[in-house]
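Chains as they are written, first to last, in our numbering: chain A, 887 to 1177; chain B, 460 to 926.
A few of these clues could be false.
[To be verified] SDA-like, lysine to any residue: derived pairs with alpha carbons at most 20 Å apart:
| no. | chain 1 | residue 1 | chain 2 | residue 2 |
| --- | --- | --- | --- | --- |
| 1 | A | K920 | B | S572 |
| 2 | A | K911 | B | G861 |
| 3 | A | K911 | B | E555 |
| 4 | A | K1137 | B | K858 |
| 5 | B | K858 | A | E1138 |
| 6 | A | K911 | B | Q662 |
| 7 | B | K858 | A | T933 |
| 8 | A | K920 | A | E1161 |
| 9 | B | K858 | A | R994 |
| 10 | A | K1137 | B | S492 |
Hints listed in this document are in silico derivations from the structure and should not be mistaken for laboratory results.
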Amino acid sequence: MRISTKMMYDRAIDNMNTAMERVTKARNQASNTKAFEYISDDPLAATQALSLKSTLEKTQSHLDTAHAVDDWMSASELAYKNVTESVKRALELGTGMLSETNGPQERRGAAIEMRGILDEVLEQANSNHNGSYLFAGYAVTTRPFSVVGGAADYDGDDGQILQDLDGHTVQMNADARAIFEPMLNSLNELADALDSNVTTDIDTAMGHLLSATDTFSQARTLNGSRQRQVRLSISNLEKTQLELQKMISEKEDANMVEALSRLKLEETAFETVLEVEQRTISAMNLFDVLR
Amino acid sequence: MSSLLSGIHLALSALQANQAAIEVTEHNVANASTPGYRRQIAVMGTGVPYGDSEFDNGRTGLIYGTGSQLEQVRRMANTFVDARYRAEAGDASRWEAQSGALQPLEAVLNETSTSGLTAQLDQFFRNWQGVASDPQNIGQREVLLTQAEGLTSAFRYRAQLLDAARRDVTTEISHQVDQLNELAGQVAALNEQIAQQAAAGNQPNDLLDRRDALLDELGTLSNIQSFQQANGEVLVSLNGHVLIASNVANKLEFSTDPTSGDPVISWSGGPQVQIASGKIAGLVSAASQTLPDLRSNLDTLAHDFADAVNDLHSIAYGLDNQDGRPFFNGDSASTIAVHPDLIGQPRRVAASGAVDAPGDNSAARAISNLSTSKLMDGGTQSFIQYYNQQMTRLGMEIKTAGANARQHQSATAAINQQRESLSGVSLDEEAANMVRYQRSYQAATRLMTVVDEMLDTIINGMGVVGR
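From just these sequences and the hints, can you work out the full model?
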């Protein structure tokens, strides 16, 4: 093929430009530490990375919710625990006062203590977590329980607060009315019975308190079970989060060893091209030789 | 019979022919780097011979040569290779233009970063999840509203970007159409000059070079086809319609469709023309397909997204126990905004499904779950998937355009090498030619000297005996 002078120069310039482009690309990748900068650099990997990031965002969102639910349930568990201890004392007291050896004075003293226990339980029933009442259904800004005229009054509602975790829904709150109303009523009944000094009334009230305690224990157990489920979700979500981050990194991040090796290779190639093409450009032609 | 005087004429013809050939060589050397220059070669030929009449009496006459002459200065060009070059260059320009029109957009949209619309949509739904996990939390509601304002701003920004990009590309098309008309006019003017020169028996090689360079440039703008005419003119057609005939160039006009905003190129006072190749084709593709599609799909996303959120929000209750408030205003990417009733009013964010139920998070959960609801593209994609698909399509189009451009650039370079191989100047070759013609010139001058001496012998040396 006949080679014209312009062909030689054009080819030399093209080769240098191509080598420069490759070096620039390798430098960008090495300094950005990213396998691609724009979607067009690698559409498949970029699309997958975007999709994974969305999933990661959703996972993080569920994780935040799961922690919030766990906190709520922990606060609930604390209330349950305190109530359980208070009720245990109430049962001991009530059982003791059933004995005929206790007279009206002892029983009145016990009634006073019982009302103290009632107040403790009432306080727990109105527990607050981050400004929201734990046992009020949806009416989280309304103090749910009061004892009016000897009867427990519930001002909350029956709303079930649900939260979405990864692939399933969990109820965060308890059926407060069903748990605390019998408890408060039976404590109040027991206090009245102790005040009245009627053994059969005390016995009846104790029966009601035991029944309320069973219901309460079941609710506590249910809370515990749900909380275990939430904590398992947290564990799974954290593992998923790590896995997703790893996958995103595999898609997005440049293999630095590879990037640096390629940079070195392209720089060496560029230097070689410069060396070769400078010879081409400065090559003599016949005019230089002829006298 | 030949004479000494004819010998002088012979030597003179050699001197003149070689002198002219050297001039051709000089011209080549001077234009070795001139873009578009086609080397010229001196085609030498013998002069018209004549017969010796003294031998006409039945005997075979001797034929005497009359020296050499420069018969032609041939321009080394190949119209077939030129046509192939223009076709490939046109395709390369088409894809380069398309890629060039779209690539800056990708850089500005920057969807792979945390400021991309995908990331902002993700954050929006995450903030709703945050409200759902603690509906009472005013701080969480404020975060939601602030981020939602950022999200709508991102929509509007992208709408503006796409509109501006389309405007810019459309303006560029107008400029390129003007450029095409200008080039066509220049080719038509050259046609006239070349035809005149050819009619006078001249060889307007430099004018032909200039015209070919203009045709090359036209080829990068559009899918022209050129046909050499016997009188030296070139007929240029575009999509089967005459663009240049003789010294007349038909003009193209540019306008935009009042409804769609698409660029429209038509013959002056005539039908529309679909340019299939060249820079103009690439720009038209970007302006009439890619950019409007992106814009339209962005509007669809903004509209459907706002509708879906509003449908749930307007039937839900805020902490003020009011319902009926949409979350977003506007129904397109350029108008979407957080409803002014909500700005600075976090309590009005409707997370609850019932009145007097501040702990009810059902509406917030429902809105958050929109992130995975398949409400786009006939119920097959979520909002985020839909937008990702648009960006992936854009990325693929840029990548494909770039790959096609490189492929056609390689082909163009290969054909250009063929052209250069035929038409390019080799300084080595010209140096050798120069030496050749120089030596021939020197020999001719020697010849002249010999004849001169011979004449001198006759004129000054004969008939002097006894003087």
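Hints versus structure:
1. A:K920 with B:S572: Holds, because 11 Å separates the two Cα atoms, which is no more than 20 Å.
2. A:K911 with B:G861: Roughly 15 Å between the alpha carbons, so the hint for K911 of chain A and G861 of chain B holds.
3. A:K911 with B:E555: Cα-Cα ~19 Å, so holds.
4. A:K1137 with B:K858: Judged against 20 Å, a Cα distance of about 18 Å means the pair holds.
5. B:K858 with A:E1138: holds, 18 Å
6. A:K911 with B:Q662: Cα-Cα ~49 Å, so violated.
7. B:K858 with A:T933: holds, 14 Å
8. A:K920 with A:E1161: Between K920 of chain A and E1161 of chain A the Cα gap is close to 31 Å, so the pair fails against 20 Å, i.e. violated.
9. B:K858 with A:R994: With a Cα-Cα distance of about 89 Å, the restraint between K858 of chain B and R994 of chain A is violated, given a limit of 20 Å.
10. A:K1137 with B:S492: violated, 48 Å
Hints 6, 8, 9 and 10 from the earlier list are contradicted by this structure; the remaining hints agree with it.
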